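There are 2 protein chains.
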Amino acid sequence: MDNILYQIEKPTLLLDRKRVKRNIDRMVAKADRNGVVLRPHFKTHQSAEIAVWFRDRGVEAITVSSVEMAEYFIDNGWHDVTIAFPVNLRQISRLNVLARRARINSLVESEMVVRCMDDTLDENVAAWLKIDAGYHRTGLPWDDDASIAKIALAVRKSEHLQLRGILTHAGHTYGSGSPEHIRAIYSQVLNRMKTVKRKLKSMGMEVGISVGDTPGCSIVDDFGDVDEIRPGNFVFFDLSQLAFGSCRLEDIAVAVACPVVAMHADRKQIIIYGGAIHFSKESMLGSKGQAIYGQIATFESGSWSSTSDGNEVISLSQEHGIVQVTDSLFERTKVGDILLVLPIHSCLTANLLGRYLTLDGEVIEMAKY
Amino acid sequence: MDNILYQIEKPTLLLDRKRVKRNIDRMVAKADRNGVVLRPHFKTHQSAEIAVWFRDRGVEAITVSSVEMAEYFIDNGWHDVTIAFPVNLRQISRLNVLARRARINSLVESEMVVRCMDDTLDENVAAWLKIDAGYHRTGLPWDDDASIAKIALAVRKSEHLQLRGILTHAGHTYGSGSPEHIRAIYSQVLNRMKTVKRKLKSMGMEVGISVGDTPGCSIVDDFGDVDEIRPGNFVFFDLSQLAFGSCRLEDIAVAVACPVVAMHADRKQIIIYGGAIHFSKESMLGSKGQAIYGQIATFESGSWSSTSDGNEVISLSQEHGIVQVTDSLFERTKVGDILLVLPIHSCLTANLLGRYLTLDGEVIEMAKY
Chain A
0 MDNILYQIEK
10 PTLLLDRKRV
20 KRNIDRMVAK
30 ADRNGVVLRP
40 HFKTHQSAEI
50 AVWFRDRGVE
60 AITVSSVEMA
70 EYFIDNGWHD
80 VTIAFPVNLR
90 QISRLNVLAR
100 RARINSLVES
110 EMVVRCMDDT
120 LDENVAAWLK
130 IDAGYHRTGL
140 PWDDDASIAK
150 IALAVRKSEH
160 LQLRGILTHA
170 GHTYGSGSPE
180 HIRAIYSQVL
190 NRMKTVKRKL
200 KSMGMEVGIS
210 VGDTPGCSIV
220 DDFGDVDEIR
230 PGNFVFFDLS
240 QLAFGSCRLE
250 DIAVAVACPV
260 VAMHADRKQI
270 IIYGGAIHFS
280 KESMLGSKGQ
290 AIYGQIATFE
300 SGSWSSTSDG
310 NEVISLSQEH
320 GIVQVTDSLF
330 ERTKVGDILL
340 VLPIHSCLTA
350 NLLGRYLTLD
360 GEVIEMAKY
Chain B
0 MDNILYQIEK
10 PTLLLDRKRV
20 KRNIDRMVAK
30 ADRNGVVLRP
40 HFKTHQSAEI
50 AVWFRDRGVE
60 AITVSSVEMA
70 EYFIDNGWHD
80 VTIAFPVNLR
90 QISRLNVLAR
100 RARINSLVES
110 EMVVRCMDDT
120 LDENVAAWLK
130 IDAGYHRTGL
140 PWDDDASIAK
150 IALAVRKSEH
160 LQLRGILTHA
170 GHTYGSGSPE
180 HIRAIYSQVL
190 NRMKTVKRKL
200 KSMGMEVGIS
210 VGDTPGCSIV
220 DDFGDVDEIR
230 PGNFVFFDLS
240 QLAFGSCRLE
250 DIAVAVACPV
260 VAMHADRKQI
270 IIYGGAIHFS
280 KESMLGSKGQ
290 AIYGQIATFE
300 SGSWSSTSDG
310 NEVISLSQEH
320 GIVQVTDSLF
330 ERTKVGDILL
340 VLPIHSCLTA
350 NLLGRYLTLD
360 GEVIEMAKY
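Heads up: the sequence lines are chains A and B, in that order.
Residues 0 to 368 in numbering that gives the first Met the number 0 are what the first sequence lists, from first letter to last.
Residues 0 to 368 in numbering that gives the first Met the number 0 are what the second sequence lists, from first letter to last.
Don't take every hint at face value.
Since the list gives no way to pick out one identical chain from another, each pair is judged satisfied if it fits inside one copy or across any two copies.
[As the list claims (entries may be wrong)] Simulated crosslink set (DSBU-like; lysine-lysine; CA at most 35 Å straight-line):
| # | residue 1 | residue 2 |
| --- | --- | --- |
| 1 | K333 | K200 |
| 2 | K333 | K156 |
| 3 | K198 | K333 |
| 4 | K200 | K20 |
| 5 | K287 | K200 |
| 6 | K367 | K20 |
| 7 | K20 | K333 |
| 8 | K200 | K156 |
| 9 | K267 | K193 |
| 10 | K198 | K267 |
| 11 | K267 | K149 |
| 12 | K9 | K156 |
Rather than coming from a laboratory, the hints here were simulated on the basis of the structure.
Predicted model, so just to flag it, every value in this text is computed and none were measured.
So that you can see chain A by itself, here it is in the shape it has in the complex:
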């Protein structure tokens, strides 16, 4: 791996292909064991080439987070796409164009939007009721029977929408603190979704259940009575997921290689070329209880492993990162070297860096919108 470091001029997202494929394999196997469809969220990697690694393992249905991302993957041969974002009325005509080329699954949560879609669409689009099962970001409250019934009926009455199921994102697993808590959230969410499903069934509507967040799908072994899961981040994982217990350190499959541009011996700080325009400003609590923006990894056995907790990115400006390091790391580093940084949130970091460099030196491109 060392030889690819010579070509690195600026912050570069390294990708360990073996780890990525192992992460995919593990989730595919788990979905198979549970008899559920794995419809992975591709917003994490946004790459047609990495998408093929999923297809090679039998994945046919995907999730994306925008109409542009749906266009990109449809252009690259995917035919069953869920746009996991409330339908944006300002993009219905683009949705209509996509629906000619692929099976589009849309998320609806308002009667007005259903009516607007039905008036505007020429093509058929599948609809999933977006259910809020406890996260409180968006969606129909799981226990709001009246609204759920009203919108389900509006979909049934429509000409161009077909009610396919109910969908939720249990994003509150991200702040939950422990695997036990994540299991408890999963179980509660599942029960709530089953309650909604039963109510719709009592109205004569059979629907599928779609759930999916990386902490839940990584930690829970038995997915119970769901039809599909939509995790995304598991393809790379990151320090947040490590903290949640979703992965092991050796599952983190991306790291940012950053040139060292200055050193400050008095305060044991290393200045790297790597800032907010490369990592975003996602933070988590570090070893000293303060906000950190990444942790230093070291090259080991053809990939990377974390150094001890003492080496953390403690500040980011637009291009600069300040890394607080141990005496030992300080001593063995010099200006011009590369420091490897494990990201807090790999989705945002990948989105900013725009391409990958594999450990065997191949550049993998991402979508450009």
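We have chain A; now place chain B onto it with these hints.
Structure of chain B alone, referenced to chain A:
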């Protein structure tokens, strides 16, 4: 302005050309009054077209934050460029190519880097000693006479580097809390820089002084004995700068137009298409003492003005933003409308959105690296 809103499909960075030009005019006039060179930092806008608005006002020298950004502006006809980032040894050959085409000003703070540059460069490059005058991000401590002397002498001995001056960034004005405190920081930084200048003079080296941060340059009237200022953010300003006292609300020259995709009457929250991949995750304290990621503005007199403090972006995920609003704004908003969001940090927001839409409907492109 209303008619441009119809064409907005997704998060779009609106630019009020009049406000931008007024912000430029004001800083140009202030630099002129003080008899200093305005070398604006172009990392905020990253646009060749907006750069012309500066050139039209007599600006000839610019600041950028990366070698790529220097290439972009040199390609667009700029000939005097300071790369305000410690020299990255891994990009010296690209620096050399640029030095054939333009006057390049580099920042040095280590003898080793000076030697490496001198060994590698064929062309002449101007050098500025990066001085830490109190911010403690990077640079030579202003009172470390021995290191400053050593590196200045290394530059003097070199074949390809010419010592041009001493440069500092007083980034600690960003956390300072009040205009009085910002003035005090400016004054302290200036005194420290003059001390360094005198020491170099006593060694027979005449150098210029370069300072520059938007809060300092906006709030201080008399720049004192400096040669150039390098503010950047003032071209757009944002909510952070408003909080520092650097600008008035009516100086904020960019706002993000975000489609409304869902509404939650029970908690008076509006879900917008506009998330961390559009705003970054820069936050500040909001009206209720919690972190906020933007504030809602309303269209007024052909531009925008803020609504009251009750309308704030309180959460961002990758594409979603949650806006907590007053009853009044909730009542007059519906799914499909556009909400205007004033950003916390316009540099990061512009970098993510990649282009501008002016209020008269013109698209202004930014650099693509």
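Outcome of the hint check:
Proximity of K333 and K200 under a CA criterion of 35 Å is satisfied inter-copy only: 31 Å between copies versus 66 Å inside one chain copy. Only between protomers do K333 and K156 lie at most 35 Å apart by alpha-carbon distance; the minimum there is 23 Å, versus 68 Å within a single protomer. For the homomeric pair K198 and K333, the shortest alpha-carbon distance between copies (28 Å) is at most 35 Å, but the shortest distance inside one copy (64 Å) is not. With identical chains, the CA atoms of K200 and K20 are never at most 35 Å apart, being 39 Å at best within one copy and 61 Å at best between copies.
Taking the closest pair of Cα atoms, K287 and K200 never come within 35 Å of each other, the shortest separation being 52 Å inside a single copy and 44 Å across copies. In the homo-oligomer, the alpha carbons of K367 and K20 lie at most 35 Å apart both inside one protomer (23 Å) and across protomers (31 Å), since each shortest distance falls under that limit. Taking CA atoms no more than 35 Å apart as the test, K20 paired with K333 passes inside one copy only; the shortest distance there is 34 Å, against 44 Å between copies. Taking identical chains as interchangeable, the C-alpha atoms of K200 and K156 lie at most 35 Å apart only when both belong to the same chain, with a minimum of 16 Å there against 84 Å between chains.
For a Cα distance limit of 35 Å, the shortest separation of K267 from K193 across copies, 28 Å, qualifies, whereas the shortest one inside one copy, 54 Å, does not. In this assembly of identical chains, the alpha carbons of K198 and K267 lie at most 35 Å apart only when taken from different copies (27 Å versus 61 Å within one copy). In the homo-oligomer, the alpha carbons of K267 and K149 lie at most 35 Å apart only across protomers (21 Å), although the nearest pairing inside one protomer, at 62 Å, exceeds that limit. Taking the shortest alpha-carbon separations for K9 and K156, only the inter-copy value of 29 Å comes in at or below 35 Å, while the best intra-copy value is 55 Å.
Violated hints, listed in ascending order, are 4, 5; each of the other numbered hints is respected by the structure.
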